[in-house]
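K.L.:
Okay, here's what each chain looks like letter by letter:
Protein chains: 2
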Amino acid sequence: MNNLIHLTARLAEIGTLRYTPAGIPVLDIVLKHESWQEENGQQCLVKFEMPARILGKHAEEWQYRQDMMVEAEGFLAQRSQRFPQPILRIQNIKEYKG
Amino acid sequence: MNNLIHLTARLAEIGTLRYTPAGIPVLDIVLKHESWQEENGQQCLVKFEMPARILGKHAEEWQYRQDMMVEAEGFLAQRSQRFPQPILRIQNIKEYKG
Numbered sequence: 286m287n288n289l290i291h292l293t294a295r296l297a298e299i300g301t302l303r304y305t306p307a308g309i310p311v312l313d314i315v316l317k318h319e320s321w322q323e324e325n326g327q328q329c330l331v332k333f334e335m336p337a338r339i340l341g342k343h344a345e346e347w348q349y350r351q352d353m354m355v356e357a358e359g360f361l362a363q364r365s366q367r368f369p370q371p372i373l374r375i376q377n378i379k380e381y382k383g
Numbered sequence: 286m287n288n289l290i291h292l293t294a295r296l297a298e299i300g301t302l303r304y305t306p307a308g309i310p311v312l313d314i315v316l317k318h319e320s321w322q323e324e325n326g327q328q329c330l331v332k333f334e335m336p337a338r339i340l341g342k343h344a345e346e347w348q349y350r351q352d353m354m355v356e357a358e359g360f361l362a363q364r365s366q367r368f369p370q371p372i373l374r375i376q377n378i379k380e381y382k383g
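Chains as they are written, first to last, in our numbering: chain V, 286 to 383; chain C, 286 to 383.
Just so you know, these hints were derived from the structure itself, not from any lab.
It is possible that part of the hints are untrue.
A pair counts as met if it fits within one copy or between any two copies, since identical chains are not told apart.
Said to hold, decoys possible - Mimicking DSSO-like on lysine-lysine, the simulated pairs with C-alpha atoms at most 30 Å apart in a straight line are:
id : residue 1 : residue 2
1  : 382       : 332
2  : 317       : 332
3  : 332       : 379
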């Protein structure tokens, strides 16, 4: 069952680092993406904001990198039981070098 | 600038086929996904609904395939100027054969 996302985006918002009850660091962020995409033979300008989450040791590393352009890979998942709209759960993130 | 999604999901809702002012068929759908994913070394159950759109000739083909399991590929984009929350714009879709 595929659930794979690759997204180049700007780290537009970075929340405050928090910890799960088990002590795992969690960083909630917002990624801002803008690109041209092809759909049905036409180019279209795509612009959106995607809520995302980094869990584990990477959460601490990324808390002070606001506005950095990044390559993020991960999967979509519900934000919480109450909010089924998906967010991006990041498995790999690195600086985008163009 | 990457913006790539691969998603295996069920065609949970299929809207009424409509046409753009230029006469291009558009089908708004809702994909329901459920899978186990690994995050920070832990398995987690992922369940969400993703609004999606099929544009062009495929829109007509897919309007009567409710509840089919599909493999969808595409990119994320704003739903409209007023609603920046992303939807999946489908470039390729086929039946999921397991």
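K.L.:
So, for every hint listed, does it hold in this structure?
P.N.:
So, going through the hints one by one against the coordinates:
1. For a Cα distance limit of 30 Å, the shortest separation of residue 382 from residue 332 inside one copy, 20 Å, qualifies, whereas the shortest one across copies, 33 Å, does not.
2. Proximity of residue 317 to residue 332 under the C-alpha cut-off of 30 Å is found in both arrangements, the shortest distances being 7 Å within a copy and 24 Å between copies.
3. Proximity of residue 332 and residue 379 under a CA criterion of 30 Å is satisfied in both settings, with 21 Å inside one chain copy and 26 Å between copies.
Hint compliance for this structure: no hint is broken.
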